[in-house]
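As they're listed, the protein sequences go chains A and B.
Each residue of the first sequence is one higher than the one before, counting from 1 in full-length UniProt numbering.
Each residue of the second sequence is one higher than the one before, counting from 1 in full-length UniProt numbering.
By construction, these hints were calculated from the structure, which means they are not laboratory data.
Predicted, not measured: the structure shown is a model, and the values here were computed from it.
The beta carbon of each residue, even a glycine, is placed where N, CA and C say it ideally should be.
Accuracy of the hints is not assured; some may be wrong.
[As the list claims (entries may be wrong)] Now the stretches of chain B that chain A is said to cover, found in silico as 3 or more residues with beta-carbon under 8 Å:
| hint | stretch |
| --- | --- |
| 1 | 114-121 |
| 2 | 188-195 |
| 3 | 251-258 |
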Amino acid sequence: MTRQLALAVAVALAAASPAMSETSPNDVQFDGGAVAQSLTGVPGDPTAGVKVMTTRALGNCVACHLVSALPDVPFPGDIGPALDGAASRYSEAQLRGIITNSKHTFEGSFMPAFYKTEGYIRPGDAYTGKGAAEPLPPILSAQQIEDVLAYVMTLTDE
Amino acid sequence: MHRTSIMAAVLAVGVAFPALATPVEDTLVIESDDGPVEIVTQTTAPAHLQGALETIYSGWLFRNDETRDLERDDFDNPGMVFVDRGRDTWNAEIGAKGESCASCHGGPESLKGLRAVLPRVDEKTGALMTMENYIDTCLTERMGLESWGWTSTNMSDMLALISMQSRGMPVNVAIDGAAAPYWEQGKEIYYTRFGQLEMACANCHEQYYGHMIRADHLSQGQINGFPVYRLKDSALLSAQKRFVGCVRDTRAETFKPNSPEFKALELYVASRGNGLSVEGVSVRH
């Protein structure tokens, strides 16, 4: 098998049976806030990452963060620091940790935990206002976390 | 760039109350049929907020020029329609025996001052009462009518009419004595991080007021202006209806209007605005 083919098979497998390679939210290993291991083993897609970051019902990162490289986003928020140069300030593992559950890095952070399923007070069914039983689906899937990470990794100080 | 970003990060982590709070500099004098009414939109925070807020601001100071202008003149304020309709209902002989609100209370101005002190614990019954609770009690116990419920047009109209009677008076909600346990309950809710986003009222309206959360300029979430005419909904909104929206936005299961939780929360949030003026019917986007 050529390397390319092997990769294609691996990708197909990962897509078909996410449980095989995905780290589930409760099994993520944090080391001082950082997460060294990819949550999926599949490299993230930065273009898909931008979509997640700017879509209200998904990551909506721009609700709180300015990203100067995304000038088309109307009304970015200013609650968190601008993400410009984030990849020069943090390692890939640290950024994966922040995007997965920032509370391990910034105690008591206002930033939501995007890959977490339980331990909530009055958990709801997305934005309906109705109650929902835990475990909730995480706000972002493992692959969406990797996609966002892939984009944030492009935000270096040149 | 690099330095400023790190600084921003350090600031955000290290400082509990960001210096970057930006209500506009403006003053509100409302032109009304009875002449100009001065509204206190900014004042020293009540003592119980020591360590949390130094200055309290009406939500009016966080809205854009056009929205603020709509509240300067009753002629432009879309909420006044509700007040007028409320007056008609007030005088209508709708009771089971033909009573009207007016036949017991006289003119609506007899309720001047009430809006400024609600919610409160009623001296006679010991129950925690919002404006809606008082209206509902009159309807169902004194006039022999069905409840209007908490979201009906009739209820909105009556809230608007009665709130107007206290316009310009300082909010002065009691937090001690019989109110103390409710106030404590409300405070606890205010600081609880609800839902999958794990956000408390305090995160948005105490920690980050003045900041932009996407297109929204975060205010202190004060309710001195309620009921508000909300341009986005073309409707009049009570404080507890606003609470429903805010809790829903944290991906949480909301509480219902008139639940013990939201009544306690309304008392607590109202007390955070002690000293601001009742606006009567305000306008928000």
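#### Entry: Outcome, coverage of the stretch 114-121 of chain B by chain A - at least 3 residues whose beta-carbon is closer than 8 Å to one in that chain
This one is violated; 0 residues, fewer than the three required, reach chain A with a Cβ under 8 Å.
### Message
Tell me whether the statement that chain A covers the stretch 188-195 of chain B is true, taking a Cβ distance below 8 Å and needing three residues at minimum.
### Response
holds (count 4)
### Message
Using C-beta distances, would you say chain A covers the stretch 251-258 of chain B, given that this needs three or more residues below 8 Å?
### Response
Satisfied; 4 residues make the cut.
Checked against the numbered hints above, the structure breaks only hint 1 and satisfies the rest.
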